[in-house]
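A.B. asks: The listed protein sequences correspond, in order, to chains A and B. As numbered in the working numbering, residues 1 to 216 make up the first sequence, in order. As numbered in the working numbering, residues 217 to 391 make up the second sequence, in order.
Wrong hints could be hidden among the right ones.
Stated by the list, open to error - Distance ranges between label pairs, derived from CB positions:
1) Glu272(B) / Ala49(A): 28 to 34 Å
2) Asp275(B) / Ala121(A): 47 to 53 Å
3) Ala32(A) / Gly323(B): 35 to 41 Å
4) Pro54(A) / Leu383(B): 24 to 30 Å
5) Val379(B) / Glu52(A): 20 to 26 Å
6) Glu271(B) / Ala92(A): 54 to 60 Å
7) Arg270(B) / Ala49(A): 29 to 35 Å
8) Arg270(B) / Arg48(A): 25 to 31 Å
9) Glu325(B) / Arg34(A): 54 to 60 Å
10) Glu296(B) / Glu52(A): 24 to 30 Å
Calculated from the structure, these hints are not laboratory results. Backbone N, C-alpha and C fix where the C-beta goes; we use that ideal spot for every residue, glycine too.
So you can see what is in the structure, the chains are spelled out below.
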Amino acid sequence: MGNDCKHVRIAIGAEPHAQSPEVTAHLATCAACRQFQAETVALDGRVRAALELPLSKFRKTPMPARRFALAASVVFALLVGGGVWLFRPQSALASEVVEHVLHEPGSWQRRETVSPETLAAVLAKAGVRYNPRLPVMYASPCPFRGHIVPHLVVQTDRGPLTVMVLAHEQDGSNGEFTEGKYHGVVLPAGSGSIAVVAPKGQEFDGALKAVLEGTL
Amino acid sequence: MNPRPRGTTGGSPFARLLEMLRPDLVRFAFWLARDRAVAEDVVQETLIRAWKSREELKDQAAARPWLFTIVRREHARLFERKRLPTVDVDQVEALGDPALASDGDAGLEDLRRAIMQLPDEYREPLVMQVLGGLTTTEIGTELGLTQAAVLTRLFRARNRLRVIYGLPAAEDADG
Numbered sequence: 001m002g003n004d005c006k007h008v009r010i011a012i013g014a015e016p017h018a019q020s021p022e023v024t025a026h027l028a029t030c031a032a033c034r035q036f037q038a039e040t041v042a043l044d045g046r047v048r049a050a051l052e053l054p055l056s057k058f059r060k061t062p063m064p065a066r067r068f069a070l071a072a073s074v075v076f077a078l079l080v081g082g083g084v085w086l087f088r089p090q091s092a093l094a095s096e097v098v099e100h101v102l103h104e105p106g107s108w109q110r111r112e113t114v115s116p117e118t119l120a121a122v123l124a125k126a127g128v129r130y131n132p133r134l135p136v137m138y139a140s141p142c143p144f145r146g147h148i149v150p151h152l153v154v155q156t157d158r159g160p161l162t163v164m165v166l167a168h169e170q171d172g173s174n175g176e177f178t179e180g181k182y183h184g185v186v187l188p189a190g191s192g193s194i195a196v197v198a199p200k201g202q203e204f205d206g207a208l209k210a211v212l213e214g215t216l
Numbered sequence: 217m218n219p220r221p222r223g224t225t226g227g228s229p230f231a232r233l234l235e236m237l238r239p240d241l242v243r244f245a246f247w248l249a250r251d252r253a254v255a256e257d258v259v260q261e262t263l264i265r266a267w268k269s270r271e272e273l274k275d276q277a278a279a280r281p282w283l284f285t286i287v288r289r290e291h292a293r294l295f296e297r298k299r300l301p302t303v304d305v306d307q308v309e310a311l312g313d314p315a316l317a318s319d320g321d322a323g324l325e326d327l328r329r330a331i332m333q334l335p336d337e338y339r340e341p342l343v344m345q346v347l348g349g350l351t352t353t354e355i356g357t358e359l360g361l362t363q364a365a366v367l368t369r370l371f372r373a374r375n376r377l378r379v380i381y382g383l384p385a386a387e388d389a390d391g
């Protein structure tokens, strides 16, 4: 094998589907290099198939630890929805979230931020991760539908927002809801859902946006 | 607010584009991180960055390489920010990761494991080229390499896979 063959094969190995005029000219006269190219193109098809991992299997395996890239998931939910809220009938889940908020009316009255240690303890107890950059005014590990979930209140420039990370609620596509004096949204987040609630009348979109941007 | 029935394909063209490309972004992130949870995190960060920077994308035809570039940068940023431990290749294999499995095609599964075992310097440009569709020039720009260096790495990556695939290795550039 001459130097030409060596250089041609390196070029083919680097870009099997792109051929310079020099490579094309060489292939016209060299059967061995044509075979090398055919093999490499075939291999490349297999490589492409190999790289296209089956995402269904990807998602079935349980994670060793639950991970919640909270804001990111919510933003993606908004993106795939085209930046609009999903219109859905009032769900039982939304009602239970509001009911839970009603049971802790003092959570929106807090004036001091929760320490990082307390927040970490609450999140650890629920087995979720969340790293809000907005001040957390309230954090409590609350029983909800048979699980311990973090019940948080974050302070935005529009007012307080309740955030409940519902890691065990798989079908969080419940969308926007209004119930009594409260307005909220339940959206998919990570492998579960997230519920965000604010007092009705409080500018909600802007507040939610502030929460999301605060966690970027 | 603008209510829209669930299940429609509504939304901006950019949102639909992200939705369409997301599976390959997850795959790319997985090949970079070799960890599924990290890959999901990286892609979520990527989607946020992409959404905020969507004005930068002038030509939708360039969306794929543009998003792959963001994935790669977010992956690097995540490791830098969180100082995540690197993943031991043998450990990944020992887990018998189902993402590498292939129903009834043992050869494909072997190839996946072989790709997983490639050194980062070879695996990364290969995945960028084959899965991301980046040109060698774009790969060189992203990795800070000359085009000749990119070509050499791509050749060596495939040369290693040839052997796994039962083909004779080609003579290397240094050979």
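A.B. asks: Look at each hint and say if it fits the structure.
C.D. replies: Tested hints:
For Glu272(B) and Ala49(A), the hinted distance range of 28 to 34 Å is satisfied, since their beta carbons lie about 32 Å from each other. Evaluation of the 47 to 53 Å hint for Asp275(B) and Ala121(A) yields a pass: the beta carbon distance comes to about 49 Å. Between Ala32(A) and Gly323(B) the C-beta distance comes to about 25 Å, which lies outside the given range of 35 to 41 Å. Range check, Pro54(A) to Leu383(B): Cβ separation about 25 Å, and the 24 to 30 Å hint holds.
Here the CB-CB span from Val379(B) to Glu52(A) is close to 22 Å, well matched to the stated 20 to 26 Å. The given range of 54 to 60 Å is broken by Glu271(B) and Ala92(A), whose C-beta atoms sit roughly 41 Å from each other. Distance hint check: the CB atoms of Arg270(B) and Ala49(A) are about 31 Å apart, consistent with the given range 29 to 35 Å. A C-beta distance of roughly 28 Å is found between Arg270(B) and Arg48(A), which places it inside the suggested range of 25 to 31 Å.
Under the hint 54 to 60 Å, the C-beta atoms of Glu325(B) and Arg34(A), about 30 Å apart, miss the expected range. The hinted range of 24 to 30 Å is satisfied by Glu296(B) and Glu52(A), whose Cβ atoms lie roughly 29 Å apart.
In terms of the numbered hints stated before, the structure departs from hints 3, 6 and 9, listed from lowest to highest.
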